[in-house]
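All you need for this note's numbering is the position in the sequence shown, starting with 1, plus 284.
Since the hints were derived computationally from the structure, they do not count as laboratory data.
Treat the numbers as computed from the prediction; the structure is a model and nothing was measured.
You may find that some hints are simply not true.
Unchecked claim - Calculated pairs, DSS-like style, for lysine-lysine (alpha carbon to alpha carbon, straight line, at most 27 Å):
#	residue 1	residue 2
1	K324	K1247
2	K334	K911
3	K330	K1249
4	K393	K544
5	K885	K865
6	K821	K996
7	K406	K544
8	K566	K406
9	K554	K456
10	K767	K378
11	K554	K393
12	K996	K323
13	K406	K821
14	K1195	K911
15	K406	K456
16	K324	K658
17	K559	K456
18	K566	K583
19	K911	K1247
20	K1209	K1220
21	K583	K559
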Amino acid sequence: MLNINPADVIAVLKTMIPQLVILGVVLLAAIIATLTVIKKKEPVRKFVRKQAWLAFFLTVVIVISNILLVPMYSMVNMAMGGGTISDEAIDEAKALCTEIAEEGIVMLKNDASTLPLAEGSKVNVFGWSSTNPIYGGTGSGALSDAYPTVDFLTGLTDAGIEYNQDLVDYYKGWRDSRPMVGMMGQDWTIPEPMVSDYENLITDSKNYSDTAILFIARSGGEGADLPTSYDGQDTFSAEGPFGALGVRYSDQQDDLDASKSYLEISNREKALLDKVTSLFDKVIVVVNSANAMELGFVKDYSQIKSVIYCPGTGQTGFDGLGEIIAGKVNPSGKTADIFLADLMNTPTSNNFGDFDYTNMSEFAVDNMFAEGGKAFPTFVNYVEGIYVGYKFYETAAVEAAAGNYEFDYDANVVYPFGYGLSYTTFTQEMGEINNDGTNISFDVTVTNTGNVAGKDVVEVYFNPPYTNGGIEKAAANLVAFEKTETLEPGASITVSISFPVEDMASYDTYGHGCYVLESGDYEISINTDSHNKIAAKTVNIGTEVVYDQNNKRSTDQVAATNQFGFAEGGVTYLSRADGFKNYAEATAAPKSFELADEYKKDYVNNTNYNEADYNNDADVMPTTGAKNGLKLEQLRGLDYDDPTWDTLLDEMSVSEMNTLIELGGYETSAVDSIGKVMTYDCDGPASINNNFTHQGSIGFPAAVMIACTWNKDIAHRFGASIGRMANDMDVSGWYAPATNTHRSAFAGRNFEYYSEDGVLAGWMCANAVQGAREWGVYSYVKHFATNDQETNRTGLLCTWLNEQSLREIYLKSFEIAFKNGNPGATMVAFNNIGVIPAEACSALLNTVLRGEWGFRGFAETDYFGGYGYQDADRMIRGGCDLMLATYSTPESTVTDQTSATSVNAMRTASKNILYTVVNSRAYDKAVNTGLPTWVKILIGVDVLLVGFIGFLEYRAVTAYLAKKKEEEPAVEQQTQE
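Input sequences plus hints: build the corresponding full structure.
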């Protein structure tokens, strides 16, 4: 849900200054008039006072109406809209939420078949978080509080598992709420009582049951990354003027430990684990976290028999966990990320977080949250190149096996990517591969060889030929996947696999400057996970294929060629050459904190941006304000390039285009002249919530859990459920799905993003988008692109990376979603790519998105707070069409409304918005383009109030005249005497 931002409150008040000044002036005049006539005779005194205050009350009516109809119009409009979600849609969503958990929860360990527990079993549940678990994330990914949630203990009860109430009562009495982790303030305390405080209760619990469940949880959310060091200065306050502010690492002093991270078990958790394992030989660990924790400890305790990974469950998902523990559902989830033994020893660990430039003081911008009230440009280097997540560790293992690299896979990796256990067993048989030159296809026969019905996942990877020192290539690359239906014991199913040959091409940044499929042997394997192969076969590519301008890939509209050399930044990138010989150099922390002159000369933010510098004198001013009699609804279904669009756009005035562009916060604005209706567009990734009416859907599990299902159909049904509920709410746009990359386990928004792998993430995202589209809802696929950390995301963050990693890793999931999902919109990332804001990056938004991928629709900024670089003039010229602003500001308004360059950019932006909206549910039926109902009511109230004031004025005048007339004879009589 939308948080209150004090900067926004101040900005909104500033938009009302003219009206408030007028009100203040009239109030002052009324007071002065009242005091001035204090010595006047009664008729005059009363009359003047009445006139003064009637004038003031009339001004109040006029000013309030003006505020509502001008600066506050957009926000009031949104607060007055929306429908109600049907009970059927809610029931459908709840059932799907549970189903997602049933398929997305991952069983990581199950020694001695400890799970499932028999129905009616008793367990001791340890860990405070068992009474207050994690359901999702914070910020735009938060769940609506309008619906009850099924907690973990209820999930156990619903599945027929009993638990030790004495332990639960102790935990609830010790603490009843989870620490606040918000956008502007974070308390990272991991609540856990000291073992010594209830040691007897722990010991006595053995009399209740011989089975223990240890519940561990970690939270995360928008606005902050997770602490990589669990100690530091406490600046947290829960009582800020607009909510929590600052940071606290822990209010439990014995837990503070600078040598640990938030994703390790804390000191108190370790003490509890030691105590529990000293008493119980059958311990089940539940990890309730969207972020992949360090779980090496589970191998250190023989008593830990089972481990379950359970990301945020949404509103009802803990019922799914209970069903898995009780064996009513067979787990079939697979990890969407690799689980590592040491998260502070990865290719990314030294280059994730806060890095401030020391030579950019001239570009400082006002920021009320920054130290000293000023924010300065920052940076992050994506030094790992394409070797993100499992792609590094599987490649390192191959290099080590070849004797080229010293690396112990088992010491570094606790659980591979794509890993997950079941209560049954499966075999997979790989059929013969067919390569017709365009597609690679083969069948996989999956057989349930165990005693329990269940589902399995077919994971297909390729290992390309690698030339030492040549194009960078990972040794394991997910290329396709499918999940089976439920197979009864002994049953088999044939899964057909097919993928384009070109999907195995690598991006050759420094050679051909495009995708290249090098000649040689490509190993195609079906795996249980990224590390363990079931079967493998070889496809030989006899001749190198270069996908340049003369031979584009089949899914591209224009060949993908070098566009992002400006984002390299002089960084040393990790290379596989000579067995990762440059690992230490490439992955070291930055040594220089100065932006090189060759990049600094091109740095632009609001301190030095001048739109006139980017005007083209050759541009021709387009027609505006024409009376062609065309309405937007008449263009529904027409091709984007149909010439009728020009006829419609000619009708729009510059002012109308500006309003459409500048006010895009949770809406697209109405344009009366062309019959364009206002649409409601809402957060968030796990639900659909109207921040202004507080209507919303149930919350679904975190995106990472949806990814852990490895089930495209579930992702599709999730999107369709969102679309159905959005339609009930009269919402046309969905600010989701989000598909950035899990570059680091510490990224605060990993819960909202699917995976570290672009193929898995891309297909889950594409299917969710398709599902929403079935209800006419367009999706804002976000955050495009490289918004892979929260730290400094609005802090002038320059992201440096090479083009190969940008295309193969960070754009991959977006590419799949845009090419296969037809989202209609995208929300662009806060950060810079190189020195260029993503929201103004033409290479990203025009060349790649619209040119190469053929996207037709609009791009919107992320929340329009200005931040010293957001500027509507610059954004629309770079391909970003809509400002996510709920009120007019100097930055969200297109300043240059007279040059042909700017007006043409406004026209293009308007067309992109209109094209998506007219082809959405907003125009599924006859549209009403008249005044909103609340405006009609306001006009009616104003008429009544003005009439009442007029009546009072009439009474005041007649009373004054009557009193004056009564006094005249008395005055004449006194004169005669």
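Tested hints:
The suggested pairing of K324 with K1247 holds, with an alpha-carbon distance near 14 Å, which does not exceed 27 Å. Between K334 and K911 the CA atoms are separated by roughly 49 Å; this puts the pair beyond 27 Å, and the hint is violated. Straight-line distance between C-alpha atoms of K330 and K1249 comes to about 15 Å, which keeps the hinted pair within the 27 Å bound. For a cut-off of 27 Å, the pair hint linking K393 to K544 stands: about 24 Å separates their Cα positions.
Pair hint K885 plus K865 does not hold up; C-alpha atoms about 33 Å apart against a cutoff of 27 Å. For a cut-off of 27 Å, the pair hint linking K821 to K996 stands: about 26 Å separates their Cα positions. Of the supplied pair hints, the one linking K406 and K544 is violated, its CA atoms being roughly 34 Å apart against a limit of 27 Å. Restraint check: the Cα-Cα separation between K566 and K406 comes to about 12 Å, which is no more than 27 Å; the hinted pair holds.
Between K554 and K456 the CA atoms are separated by roughly 21 Å; this keeps the pair inside 27 Å, and the hint holds. Of the supplied pair hints, the one linking K767 and K378 holds, its CA atoms being roughly 22 Å apart against a limit of 27 Å. Taking the CA atoms of K554 and K393, the gap is about 19 Å. The hint holds against a cut of 27 Å. Between K996 and K323 the alpha-carbon distance is near 83 Å, which puts this suggested pair outside the 27 Å criterion.
Distance restraint check for K406 and K821: the Cα-Cα separation of roughly 48 Å exceeds the 27 Å cut-off, and the hinted pair is therefore not satisfied. With a CA separation close to 18 Å, the supplied pair K1195 and K911 stays within the 27 Å bound. For the proposed pair K406 and K456, the alpha carbon gap of about 20 Å is at most 27 Å, so the pair holds. Between the alpha carbons of K324 and K658 the distance comes to roughly 56 Å, so the proposed pair goes past 27 Å and is violated.
As the CA atoms of K559 and K456 are separated by approximately 20 Å, the hinted pair is consistent with the 27 Å bound. Of the pairs offered as hints, the one joining K566 and K583 holds, with about 14 Å between alpha carbons and a cut-off of 27 Å not exceeded. Of the pairs offered as hints, the one joining K911 and K1247 is violated, with about 58 Å between alpha carbons and a cut-off of 27 Å exceeded. The suggested pairing of K1209 with K1220 holds, with an alpha-carbon distance near 23 Å, which does not exceed 27 Å.
Straight-line distance between C-alpha atoms of K583 and K559 comes to about 16 Å, which keeps the hinted pair within the 27 Å bound.
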